[in-house]
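Student: Line order of the protein sequences matches chains E and C.
With my numbering as the guide, the letters of the first sequence map in order to residues 5 to 441.
With my numbering as the guide, the letters of the second sequence map in order to residues 5 to 441.
Because the hints were derived from the structure by calculation, they are not lab data.
Do not take every clue at face value.
No copy is singled out in the list; a pair is fine if it fits within one copy or between any two copies.
Said to hold, decoys possible - Here are the computed lysine to any residue pairs in the SDA-like style, where the Cα-Cα straight-line distance is at most 25 Å:
1. Lys-324 x Arg-13
2. Lys-246 x Arg-339
3. Lys-324 x Ala-117
4. Lys-326 x Leu-231
5. Lys-64 x Leu-313
6. Lys-64 x Gln-104
7. Lys-324 x Pro-139
8. Lys-246 x Asp-357
9. Lys-326 x Leu-373
10. Lys-326 x Asn-293
11. Lys-326 x Leu-11
Predicted model, so just to flag it, every value in this text is computed and none were measured.
Number of protein chains: 2
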Amino acid sequence: MGSLSPLWRLTASQASALMQQGRLSSEQYVHACLERIQAREPQVQAWAHLDPQAALAQAKACDAQPRRSPLHGIPVGLKDVIRSLDQPTRFNSPIYEQHQPNEDAHCMAVLRAKGAVLMGKLQTLEFACGGQFPPTRNPWDLQRTPGGSSSGSGAAVADGMVPLALGTQTGGSTIRPAAFCGAVGMKPTWGRIPFDGIKSFAAHLDTVGLFARSVDDLALLLGAYGLIEPSLPPVPPWPQLKLMVCRTPLWDQAEAPAQAAFDGLLERLRSAGVQLREMPWPQELAAINTWQDEVMQDGGRSAFLPEMLTAPDLLHADFKAKLANHLQLTPAGMRLALDRIAQARMAFETTMDDADAVISLSAPGPAPLGLQSQGMATFNRLWTALQVPCISLPLLWSPEGLPMGLQLIHRRYEDHRLIEVARTIEAALPQERHPWN
Amino acid sequence: MGSLSPLWRLTASQASALMQQGRLSSEQYVHACLERIQAREPQVQAWAHLDPQAALAQAKACDAQPRRSPLHGIPVGLKDVIRSLDQPTRFNSPIYEQHQPNEDAHCMAVLRAKGAVLMGKLQTLEFACGGQFPPTRNPWDLQRTPGGSSSGSGAAVADGMVPLALGTQTGGSTIRPAAFCGAVGMKPTWGRIPFDGIKSFAAHLDTVGLFARSVDDLALLLGAYGLIEPSLPPVPPWPQLKLMVCRTPLWDQAEAPAQAAFDGLLERLRSAGVQLREMPWPQELAAINTWQDEVMQDGGRSAFLPEMLTAPDLLHADFKAKLANHLQLTPAGMRLALDRIAQARMAFETTMDDADAVISLSAPGPAPLGLQSQGMATFNRLWTALQVPCISLPLLWSPEGLPMGLQLIHRRYEDHRLIEVARTIEAALPQERHPWN
Numbered sequence: 005m006g007s008l009s010p011l012w013r014l015t016a017s018q019a020s021a022l023m024q025q026g027r028l029s030s031e032q033y034v035h036a037c038l039e040r041i042q043a044r045e046p047q048v049q050a051w052a053h054l055d056p057q058a059a060l061a062q063a064k065a066c067d068a069q070p071r072r073s074p075l076h077g078i079p080v081g082l083k084d085v086i087r088s089l090d091q092p093t094r095f096n097s098p099i100y101e102q103h104q105p106n107e108d109a110h111c112m113a114v115l116r117a118k119g120a121v122l123m124g125k126l127q128t129l130e131f132a133c134g135g136q137f138p139p140t141r142n143p144w145d146l147q148r149t150p151g152g153s154s155s156g157s158g159a160a161v162a163d164g165m166v167p168l169a170l171g172t173q174t175g176g177s178t179i180r181p182a183a184f185c186g187a188v189g190m191k192p193t194w195g196r197i198p199f200d201g202i203k204s205f206a207a208h209l210d211t212v213g214l215f216a217r218s219v220d221d222l223a224l225l226l227g228a229y230g231l232i233e234p235s236l237p238p239v240p241p242w243p244q245l246k247l248m249v250c251r252t253p254l255w256d257q258a259e260a261p262a263q264a265a266f267d268g269l270l271e272r273l274r275s276a277g278v279q280l281r282e283m284p285w286p287q288e289l290a291a292i293n294t295w296q297d298e299v300m301q302d303g304g305r306s307a308f309l310p311e312m313l314t315a316p317d318l319l320h321a322d323f324k325a326k327l328a329n330h331l332q333l334t335p336a337g338m339r340l341a342l343d344r345i346a347q348a349r350m351a352f353e354t355t356m357d358d359a360d361a362v363i364s365l366s367a368p369g370p371a372p373l374g375l376q377s378q379g380m381a382t383f384n385r386l387w388t389a390l391q392v393p394c395i396s397l398p399l400l401w402s403p404e405g406l407p408m409g410l411q412l413i414h415r416r417y418e419d420h421r422l423i424e425v426a427r428t429i430e431a432a433l434p435q436e437r438h439p440w441n
Numbered sequence: 005m006g007s008l009s010p011l012w013r014l015t016a017s018q019a020s021a022l023m024q025q026g027r028l029s030s031e032q033y034v035h036a037c038l039e040r041i042q043a044r045e046p047q048v049q050a051w052a053h054l055d056p057q058a059a060l061a062q063a064k065a066c067d068a069q070p071r072r073s074p075l076h077g078i079p080v081g082l083k084d085v086i087r088s089l090d091q092p093t094r095f096n097s098p099i100y101e102q103h104q105p106n107e108d109a110h111c112m113a114v115l116r117a118k119g120a121v122l123m124g125k126l127q128t129l130e131f132a133c134g135g136q137f138p139p140t141r142n143p144w145d146l147q148r149t150p151g152g153s154s155s156g157s158g159a160a161v162a163d164g165m166v167p168l169a170l171g172t173q174t175g176g177s178t179i180r181p182a183a184f185c186g187a188v189g190m191k192p193t194w195g196r197i198p199f200d201g202i203k204s205f206a207a208h209l210d211t212v213g214l215f216a217r218s219v220d221d222l223a224l225l226l227g228a229y230g231l232i233e234p235s236l237p238p239v240p241p242w243p244q245l246k247l248m249v250c251r252t253p254l255w256d257q258a259e260a261p262a263q264a265a266f267d268g269l270l271e272r273l274r275s276a277g278v279q280l281r282e283m284p285w286p287q288e289l290a291a292i293n294t295w296q297d298e299v300m301q302d303g304g305r306s307a308f309l310p311e312m313l314t315a316p317d318l319l320h321a322d323f324k325a326k327l328a329n330h331l332q333l334t335p336a337g338m339r340l341a342l343d344r345i346a347q348a349r350m351a352f353e354t355t356m357d358d359a360d361a362v363i364s365l366s367a368p369g370p371a372p373l374g375l376q377s378q379g380m381a382t383f384n385r386l387w388t389a390l391q392v393p394c395i396s397l398p399l400l401w402s403p404e405g406l407p408m409g410l411q412l413i414h415r416r417y418e419d420h421r422l423i424e425v426a427r428t429i430e431a432a433l434p435q436e437r438h439p440w441n
């Protein structure tokens with residue numbers, strides 16, 4: 005391996021191929037990632053729990069076994085709202101400071117069965133909801149937020165500490181940190197990866213999120229969950245893609261450099277021969293972010309009832325304020341929000357017509373300065389409400405060189421097709437910018 | 005308490021009032037329920053786990069504390085797919101034979117915070133899905149199924165072993181056993197009681213279910229979850245109720261005695277002055293049970309992936325066959341099923357118009373003979389798909405004296421209003437039939 009750059013820079017797919025060829029051991033790869041963590045963690049602070057010896061022991065055990073899947077021996081980080089049977093799960097809450105589950109969440113159980121190494125637990129906003137911020141910093145600029153609530157997942161993967169991580173998204177908690185950190189992030193179709201064993205927030209919205217540094221690596225994760233299925237008809241080759249450009253009526257909330265970078269990318273795509281069409285904004289999506297907020301607030305009131313009953317004093321004041329500050333939601337109002345979302349979903353998927361994907365911004369700009377905000381979920385909440393799959397690719401850059409995400413969106417259950425489209429774009433527009441170069 | 009009938013016959017609300025007055029202790033009540041269990045369990049076999057000393061210890065601890073809520077000191081049974089931190093949770097699967105969670109599911113954590121006593125774990129169909137049947141028998145006729153998959157919950161509550169129990173419903177797993185056992189059962193609006201900590205099956209459908217012997221007791225449970233809210237405008241008093249009769253196009257699948265009993269009840273209601281209207285079947289509900297089945301099967305394939313990967317040999321052959329025997333579900337097919345269900349939901353709620361509730365059968369007949377079937381979910385699956393609240397009241401009886409349920413249905417989020425309607429009907433048409441008299 006001497007001729008390669010540091011091993012921690014390998015993507016999971018690259019490392020997996022080398023392991024398959026017997027040219028790399030899990031122990032070597034995990035060891036390299038741990039070295040990267042050791043070098044960077046004092047600044048980035050992505051990890052809520054890390055036990056290097058335990059990770060190495062898992063890696064050695066993997067090396068001693070026959071390979072069970074392409075994920076065998078590959079280290080994975082877990083947002084600290086996802087239960088793990090051998091590592092604490094604390095939700096960034098003092099209520100769970102001593103909490104050690106004795107079961108894996110469904111999403112982790114599958115990865116473990118496939119032979120993945122649980123590297124550690126990654127920082128999160130309190131309960132992935134609000135209140136206590138994590139200490140995590142953006143690896144591109146330590147004065148900036150990595151975004152959240154899956155803050156550690158975005159920062160650790162983008163910074164080369166671990167090739168893969170899981171997070172969650174109820175508003176914008178996966179796509180936003182992926183965009184701010186320059187990771188490749190995915191929010192799959194709602195419900196396809198069960199939320200079993202993850203702290204819930206709002207059942208209609210809660211989604212497992214995936215973090216990686218390449219689209220191949222997203223496919224590796226999605227495949228572990230049995231969600232890589234034949235895409236028929238096949239996705240057209242570059243540059244025959246047909247993309248629909250969705251600026252949404254919220255476009256004026258995007259910062260000027262983000263708009264400019266987006267327009268610049270459209271120009272590159274157009275020059276290459278990609279067919280672009282502006283998506284007419286369906287009337288049915290009029291107040292989609294408001295409806296998403298109503299559904300999320302209603303969920304929060306139920307989800308955190310046990311903590312409100314047993315340990316209200318240990319909940320952050322801002323968390324409690326967020327729960328208390330609910331809209332006056334009536335049964336009729338909830339039905340209206342949910343039904344309008346259902347109609348919006350159908351309208352969006354119809355409007356998408358024969359496009360190979362919809363493209364938009366992942367976030368209104370680059371990561372803002374400071375750690376007491378995680379940025380806006382303006383361009384995420386609508387897609388979360390619609391339950392459609394989204395991928396963020398680090399293809400847009402601010403004038404100061406900070407990553408901003410290009411968001412690709414598809415119809416529900418077209419997760420694999422969306423990955424194929426993202427892979428095609430990634431291959432045509434490779435980007436090699438990382439925090440380390 | 006000497007003048008009362010056996011204490012185990014008290015409903016939770018009655019016992020709670022006596023406890024509040026200092027006339028009954030939790031220990032006395034739990035002890036009485038344990039006596040009933042001791043007498044009947046050899047025949048009924050409702051319990052998957054029972055530790056009488058642990059239950060009594062909890063009761064004594066409750067008696068030593070200030071009352072925390074109306075549920076304080078009240079024993080509750082849990083379907084054995086709902087995790088409990090101090091009792092095993094086995095899912096009726098040998099994979100989990102030694103499984104002792106160290107956390108409560110959300111629904112149990114709330115009850116515990118309110119002071120309830122966890123009486124024990126109740127028998128279930130394997131993973132509440134299929135395969136291994138529970139040994140539980142119908143308390144009205146030991147040769148018959150209690151229904152399922154919440155078999156133990158229905159049987160134990162109806163038989164006086166415990167006043168309250170929780171179950172789940174993904175197809176008909178709460179309303180069906182409530183009907184077959186003569187319990188008062190409720191499937192609340194989807195998502196209002198988080199499914200956190202319960203083994204999931206199909207995310208779009210999975211719902212926590214409630215079992216009791218009176219509507220007041222359902223209200224006690226619903227109140228614990230913060231779901232008792234003002235019903236404005238108030239529910240009209242008896243007999244000014246307006247009910248809509250929904251036979252569904254599946255009516256010919258109801259057995260003749262069930263149809264006759266239903267018609268007999270309609271006649272009683274009409275004679276009393278209740279306004280009855282036949283509900284026109286909205287075109288949008290055409291194939292609702294088929295769509296429910298597609299969504300359920302798609303869920304099952306993901307939900308049980310960890311068990312399929314790690315312990316396929318310990319899954320019942322019928323369980324595996326059920327998972328493998330899936331329809332050829334495509335992305336477009338899944339979207340169609342989900343969108344048609346969304347449209348059906350709106351159509352049903354519009355058609356309901358100003359009725360105070362919709363009424364139908366809870367099941368196509370009384371509990372069938374034998375323990376290797378749990379009866380049909382014909383009249384449940386559509387309402388589960390619609391995510392609307394349903395209550396089963398034991399107001400219909402077969403010629404041989406077996407209970408059949410009257411099902412009341414309302415719009416989403418009208419759980420409290422539905423309880424008020426059920427309470428009004430229960431008060432006007434009291435029924436005192438129990439397995440013990």
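Student: Hints the structure violates: just list their numbers, smallest first.
Tutor: 1 and 11
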